[in-house]
Amino acid sequence: LQQEYLQSQDEFDQIRLTLAQTLDHEPSYEEVFQEVYNKQSLRHAQNMNWGLYRNTRYKLACLQARTNRLELALRHLIEVSYLDANGAQNLGRAHDPEFVKEFPLFDPKHGTQAPGILTEIADTSKSLGLSEKELEQAFLKVARPMFSSLKLPKSPEDAWAEIANEIPWPES
Numbered sequence: 023l024q025q026e027y028l029q030s031q032d033e034f035d036q037i038r039l040t041l042a043q044t045l046d047h048e049p050s051y052e053e054v055f056q057e058v059y060n061k062q063s064l065r066h067a068q069n070m071n072w073g074l075y076r077n078t079r080y081k082l083a084c085l086q087a088r089t090n091r092l093e094l095a096l097r098h099l100i101e102v103s104y105l106d107a108n109g110a111q112n113l114g115r116a117h118d119p120e121f122v123k124e125f126p127l128f129d130p131k132h133g134t135q136a137p138g139i140l141t142e143i144a145d146t147s148k149s150l151g152l153s154e155k156e157l158e159q160a161f162l163k164v165a166r167p168m169f170s171s172l173k174l175p176k177s178p179e180d181a182w183a184e185i186a187n188e189i190p191w192p193e194s
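Residue numbering for the sequence shown follows the numbering used here, beginning at 23 and increasing consecutively.
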């Protein structure tokens, strides 16, 4: 754990230095962590660790919400929810087709929605003044490219039908 922390600290420091050279100011904590999370997301995707990718995208959503970038926060929360619906797995570069057949990258049978994520989606949508229909449109806009690029088993429309019933919509 200590070694992992030191690697994270080294990554943070390196990114901070790189951003400081690129920007006209000392990068903020949020700017550095946004870059850290984006790099981690890319690494997890390349390694086919979609569960870890999902967790990192959630961290990015939290960071965006903290900095009041609610549209971006909602986009990342939707991404997380759609990955959850598809049962994102961590396979660590498993390229053997037989292995992937037995242990798929995405398995909706293992997909569950985290109540906290759904509450954050509802709260963020409310803060943005979105109706349920507008949230559905936002969900589909984020999920459709993911569906085609990742070849996910559950369509955005099917996932939305399930998720919409689980979102704790605020009382009118």
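Check each hint, because a few of them may be wrong.
Unchecked claim - Dumping the calculated DSBU-like pairs for lysine-lysine here, alpha-carbon to alpha-carbon at most 35 Å: (1) Lys131 x Lys155; (2) Lys131 x Lys176; (3) Lys131 x Lys173; (4) Lys173 x Lys148; (5) Lys176 x Lys61; (6) Lys123 x Lys148; (7) Lys148 x Lys163; (8) Lys176 x Lys81; (9) Lys155 x Lys176; (10) Lys61 x Lys155; (11) Lys81 x Lys148; (12) Lys163 x Lys123; (13) Lys61 x Lys131; (14) Lys61 x Lys148; (15) Lys123 x Lys81; (16) Lys123 x Lys176; (17) Lys163 x Lys81; (18) Lys81 x Lys131; (19) Lys81 x Lys173; (20) Lys176 x Lys163; (21) Lys81 x Lys61.
Said to hold, decoys possible - Here are the computed distance ranges between Cβ atoms for each label pair: (22) Glu120 x Lys148: 29 to 35 Å; (23) Ser30 x Arg166: 20 to 26 Å; (24) Lys155 x Gly114: 37 to 43 Å; (25) Leu39 x Leu94: 23 to 29 Å; (26) Ser171 x Thr40: 35 to 41 Å; (27) Glu93 x Glu184: 40 to 46 Å; (28) Cys84 x Glu48: 30 to 36 Å.
The hints are simulated quantities; they were obtained by calculation from the structure and are not laboratory data.
Owing to the predicted nature of the structure, the values given are computational and were not obtained by experimental measurement.
A virtual CB, placed ideally from N, CA and C, is assigned to each residue, including glycine.
- Task: Just pull the numbers of the violated hints for me, sorted ascending.
- Result: The structure conflicts with hints 6, 22, 23, 26, 27, 28, although it agrees with all the remaining ones.
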